[in-house]
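The listed protein sequences correspond, in order, to chains H and G.
Going letter by letter, the first sequence gives residues 1 to 246 in the working numbering.
Going letter by letter, the second sequence gives residues 1 to 553 in the working numbering.
None of these hints come from the bench; they were simulated from the model.
As the structure is a prediction and not an experimental result, all values here were calculated from the model.
Ideal placement from N, C-alpha and C gives every residue a C-beta, glycine not left out.
Just to be clear, a hint being listed does not mean it is correct.
What the hints assert, rightly or not - Facing chain G, a subset of chain H residues (Cβ under 8 Å, in silico):
#1 R15
#2 T27
#3 S85
#4 R90
#5 S116
#6 G118
#7 D237
#8 T239
Unchecked claim - Across the chosen pairs, the derived CB separations fall in these ranges:
#9 G:Q137 <-> H:M1: 50 to 56 Å
#10 G:T9 <-> H:A155: 22 to 28 Å
#11 G:S231 <-> H:G84: 52 to 58 Å
#12 G:E27 <-> H:A155: 30 to 36 Å
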Amino acid sequence: MSWELYYTSANRGLRPHSRGFCTVARTDGMPSAVVERLESLSSYQPIYPGGSALADRNPVAWSHWKIPVGSRNRSVLSRVAFVGSDYTGRPSKFAHHVLLEPAEQAQMGPAGMMLSEGVMRSTWEGEPTLLESRPLEGTATADPPIASDNRAWPARLAEAFREEPERPAYVIYEPQIDLLPMLNAAIQLLPLPARWQVTFSTYFTDLPAGLNCAWRCVVAGTPAAAAARGAMGFLIDLTANSHPAH
Amino acid sequence: MNGTDARRTCRMCRTELGSGRFRTDVEGQAWCEDCFGDLRAQQPADEDAPHFRCGICGAEHAAHELRDLAGQLTCESCVSRQSSPQNPESAKDSQAAADTNAAEEARQIVAGLKGQLPENLLSKVICPHCWLSFDPQEVLWVAQHAEMVGDPVLGPEAAARFLPSRFNAAGEALDGRDMPCQILACPRCHLTVPKALIETPPMFVSLIGAPASGKSHLLASMTWQLRRLLSERFSIVFNDADALSNLSIHRYEETLFVSGDADRLVSIRKTELQGELYDQIRLGQQIVSLPRPFLFTLRPQAKPAPKSSTNGNSTIADDPLRVMCLYDNAGEHFQPGMDSASAPGTQHMARSKALMFLFDPTQHPGFREHCRSFSADPQLYGSARTLRQETILTEAASRVRRYTGLSPQRKHDRPLLVVVSKADIWGKLLDATLETEPLLPDPAYPGTNLALVDVARMNKTSAAVRALLMKFTPELVAAAEDFCRTIIYIPASALGRGPELQEETGMLGIRPRDIRPKWAAAPILYFLAKWGGVLPATRPPARAAKPAVQSVR
Chain H
1 MSWELYYTSA NRGLRPHSRG FCTVARTDGM PSAVVERLES LSSYQPIYPG GSALADRNPV
61 AWSHWKIPVG SRNRSVLSRV AFVGSDYTGR PSKFAHHVLL EPAEQAQMGP AGMMLSEGVM
121 RSTWEGEPTL LESRPLEGTA TADPPIASDN RAWPARLAEA FREEPERPAY VIYEPQIDLL
181 PMLNAAIQLL PLPARWQVTF STYFTDLPAG LNCAWRCVVA GTPAAAAARG AMGFLIDLTA
241 NSHPAH
Chain G
1 MNGTDARRTC RMCRTELGSG RFRTDVEGQA WCEDCFGDLR AQQPADEDAP HFRCGICGAE
61 HAAHELRDLA GQLTCESCVS RQSSPQNPES AKDSQAAADT NAAEEARQIV AGLKGQLPEN
121 LLSKVICPHC WLSFDPQEVL WVAQHAEMVG DPVLGPEAAA RFLPSRFNAA GEALDGRDMP
181 CQILACPRCH LTVPKALIET PPMFVSLIGA PASGKSHLLA SMTWQLRRLL SERFSIVFND
241 ADALSNLSIH RYEETLFVSG DADRLVSIRK TELQGELYDQ IRLGQQIVSL PRPFLFTLRP
301 QAKPAPKSST NGNSTIADDP LRVMCLYDNA GEHFQPGMDS ASAPGTQHMA RSKALMFLFD
361 PTQHPGFREH CRSFSADPQL YGSARTLRQE TILTEAASRV RRYTGLSPQR KHDRPLLVVV
421 SKADIWGKLL DATLETEPLL PDPAYPGTNL ALVDVARMNK TSAAVRALLM KFTPELVAAA
481 EDFCRTIIYI PASALGRGPE LQEETGMLGI RPRDIRPKWA AAPILYFLAK WGGVLPATRP
541 PARAAKPAVQ SVR
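Excised from the complex, chain H in its bound form (with noise of 0.2 Å):
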């Protein structure tokens, strides 16, 4: 069965005495490391500061990671978001991750799990609990539309990852694209074995120690974008309105 770990700021988390960013939400049983684990990949840089008219559009961080649990690399998929103020007035960040048994991976792929239906949560509210676990399963939905502009890149990514998968790609974009059914799309251009190999962030700033992330989407004008540009990776630049750039 899955785990789950929901991270916010609260005035009250399931830790004793916790309060500001904290779990607030968690399968029981989980072991602490993961719990530790999982809290150290929520971080999040909103690119508009709250209370600003752009505040919403900050960037949903979708994020397949493999982690270390034990002697296995078990996939997680996390959703970390801006999500206005917490209890102090300042600005906040919802974090969700879910931690899978390899035989809840569904065929379609950590993208398409992640739009299916139920699978990840975009907000919390309630008293600090310890959750049951849940099945998880990936239910195939009507696939979001994709813009014409968008159709063609996804392919030169699954292009890159089939030739390399262990050289990193880089998409960089505008904030107010939604890259996930973009990258949902690469994957599905995959082999069924590839599919859960990729990792990916639709919002990446760092590399998180010990973890692998092969697709890396970075916004525009960030010190990301421009670490990005002189890295040595695949290259997608959707700002320029061009495709690869080499």
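For chain H, the structure is supplied; the task is to place chain G on it using the hints.
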């Protein structure tokens, strides 16, 4: 050292390159030496032939346009700039001077090999990231060549760290591709260590406080004020020791004090427990998150001649450079149970020359209730903002005892500065004014702007603040005085007024034009004057009797 080499293959022949030598084109593709040689032989190159960067100027060129100088690809213009002197006579002179310098340097290096450490180096260096104390000869260097990547502690994409065996005449270590390196790193956490720390012991100052107590706002106002005050009033330049490390505090300062639109509501976002304020490293199988230090240098400048001087010239600044190290921990780090092997983010408290505890009266039920009778500050309203802050201080005390091995029978011998924040709200309860900074003209320098820290006034204010805290929160005073031998209570307001509530978002913000910090820099001024030996201070009046607890009441 090169973690990515193992899986790299030559773009042309697909040979696995392993740890062998290779070249990387501007697209990041690797070329083995043989294929690169073939490529260079193509003159003129194909139109779509790959380009490579000059290792000196970074310009892109076809392979045949680059020369191999000591393993580094160099374009013709950089080669000619380095090798063709404009004036043969001056070139001869400069060559002779360079030879003399090199010989002298060689003599010094040889002498250094047999003798003591150079006088300018510390015998032990303390890493500001992981607080390891290490010998200066153990310091690692950070490789500069773009191909020298991969580090066992920082990951496969970080620049390689190495213990050098080769140096150039300028004393810079040479990496595996002969690139001169300038950046140093800690032998344990591999994070960068500014060179100033190899020569000057840092003054660690820890800022402790509950979530939402205003630590980041105070730090931003404090450093902004110090940049101005120390230069204008003490002839000391307060500057960044490492601009990259201080990037977050720059952003804080820019948000509050250098905003493009002074009428727009702004706020510093809540400090996270992950992300840009932290570095994640890998020690064995353990992932460890370390807080990024804010490092500042204090460089004394020449002062005007003192009153007693007869020649009227400026005095020479012979005081040494000092380095101060501050941290902006999230308040959550100080909560009980949050100190773990994977997040040892508060261990700087054990190294600190002084501890600053930020007490937020708006989170104390009694204080808060009382202030509501005369203040409409939005921080006083809403039900979810109260917290027992003495538990944070008690937890800090127990961690310091644990890290330092301090007996429960004894008190910590480092000073504790209890900074009572948001004084713009509650300051009227105090029989003291905060309208002027605690500075007095320095009588040794009449007619100048130079100042003394008014320690006497701060001590008097401390007594008044303590009396107020005893009335509303005696448990906090008890926790402080149970922990440290020396305590001072300092009022401060980072912004000088309360924030405004933005109705549509429910967020609090302040307009930069309204910001007028009050005593935001006072805790550091007091510390530097009283215990840092950096700033001049007024002499406290002689005391009749020594109090049982040396808190400044």
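Hint-by-hint comparison with the structure:
Taking 8 Å as the C-beta contact cut-off toward chain G, the hint placing R15 of chain H at the interface holds, the least distance being around 6 Å. Interface hint at T27 of chain H: violated, since its Cβ lies 20 Å from the closest Cβ of chain G, which is beyond the 8 Å cut-off. Satisfaction of the interface hint for S85 of chain H is found here, the shortest Cβ-Cβ separation to chain G being roughly 4 Å, below the 8 Å cut-off. Restraint check, R90 of chain H versus chain G: the minimum CB separation of about 5 Å is within 8 Å; hint holds.
This hint is violated: S116 of chain H has a C-beta 27 Å from the nearest C-beta of chain G, more than the 8 Å allowed. The beta carbon of G118 of chain H comes no nearer than 27 Å to any beta carbon in chain G, farther than 8 Å, and the hint placing it at the interface is violated. Because the smallest distance between the Cβ of D237 of chain H and any Cβ of chain G comes to about 13 Å, over 8 Å, the interface hint for this residue is violated. Violation of the interface hint for T239 of chain H is found here, the shortest Cβ-Cβ separation to chain G being roughly 19 Å, above the 8 Å cut-off.
For the pair Q137 of chain G and M1 of chain H, the beta carbons lie near 53 Å from each other, so the given range of 50 to 56 Å is met. Taking the beta carbon of each, T9 of chain G and A155 of chain H are about 23 Å apart, inside 22 to 28 Å as hinted. Distance hint for S231 of chain G and G84 of chain H: a CB-CB separation of about 40 Å, inconsistent with the stated range 52 to 58 Å. Restraint check, E27 of chain G to A155 of chain H: a C-beta distance of roughly 19 Å breaks the suggested window 30 to 36 Å.
In this structure, the hints that do not hold are numbers 2, 5, 6, 7, 8, 11, 12, in rising order.
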